[in-house]
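Got chain C; can you put chain G on it based on the hints?
Below, each chain spelled out in residue letters.
Number of protein chains: 2
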Amino acid sequence: MNVHVAPAFADVPQVYKRHVFACYTQRPPGHPRGSCGSQGAQPLWDRLSRKLEAEGIGEVGFTAAGCLGFCRAGPLMVVYPEGVWYAPKTPEDVDEIVETHLKGGELVERLVIVPQR
Amino acid sequence: MNVHVAPAFADVPQVYKRHVFACYTQRPPGHPRGSCGSQGAQPLWDRLSRKLEAEGIGEVGFTAAGCLGFCRAGPLMVVYPEGVWYAPKTPEDVDEIVETHLKGGELVERLVIVPQR
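Residue numbers (the UniProt record's numbering), protein chains in the order written: chain C, 1 to 117; chain G, 1 to 117.
Derived BS3-like pairs (lysine-lysine); straight-line CA-CA distance at most 30 angstroms:
no., chain 1, residue 1, chain 2, residue 2
1, C, 51, C, 103
2, G, 89, C, 17
3, G, 103, G, 17
4, G, 17, G, 51
5, C, 17, C, 89
6, C, 51, C, 89
7, G, 17, C, 89
8, C, 17, G, 103
9, C, 51, C, 17
10, C, 17, G, 17
11, G, 17, G, 89
12, C, 89, C, 103
13, G, 51, G, 89
14, G, 17, C, 103
15, G, 51, G, 103
Coverage of chain C stretches by chain G, computed from C-beta distances (three or more under 8 angstroms per stretch; other residues unrestricted):
no., segment
16, 58 to 64
17, 68 to 78
18, 81 to 88
These aren't lab readings, by the way, just hints derived from the structure by calculation.
Virtual Cβ for every residue (Gly too), placed ideally from N, Cα, C.
In isolation and in its complexed conformation, chain C is listed as follows (with noise of 0.2 angstroms):
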């Protein structure tokens, strides 16, 4: 698929190859709303984000987010400029994510996440 961007935008260097948003969110136990945090996201992203500071994977930014606005689907995170949302439960996933979609450029399919607004 060929994407048109317009040139302006082209002209824009890009800080990263790759950012990182992720839901820090912490509601308190029984919160209507939930929470990615009481999900378990707290350490799946402490997770990501020491890898890929340990792997020296700077053009991938990490970016700590507040709420994405889908919280029954958490732990959530997204990924631009591709705008692949992932739902990870586990420190296994994870690893996929940075190894397959955020090193190696391809998605992990089977933890895509499309959240209805």
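Below, chain G without anything else, positioned relative to chain C:
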């Protein structure tokens, strides 16, 4: 410019047409790294998100972010999928980003910043 997108990525439905991440980091006065918050970020982002909500622009996502990593350049926000970083300083700057880029799909060149990592 034509950008090749691997088929698997092109098949993933996009949750948002554009997604704004804005740094809400607030470090105490005198902190050596400074922060977007200490440079007046919060009222700007509140204005931006209220504006999106008030105008019912649901196809543009807004997410509060932690530190984006280039603190002296703040207040910092980034718009994906274009990967454009902006450093607005005034409410008028924010309004121009909403009208011209987020709604209009065109770059606000005078507010672009390209952080060096």
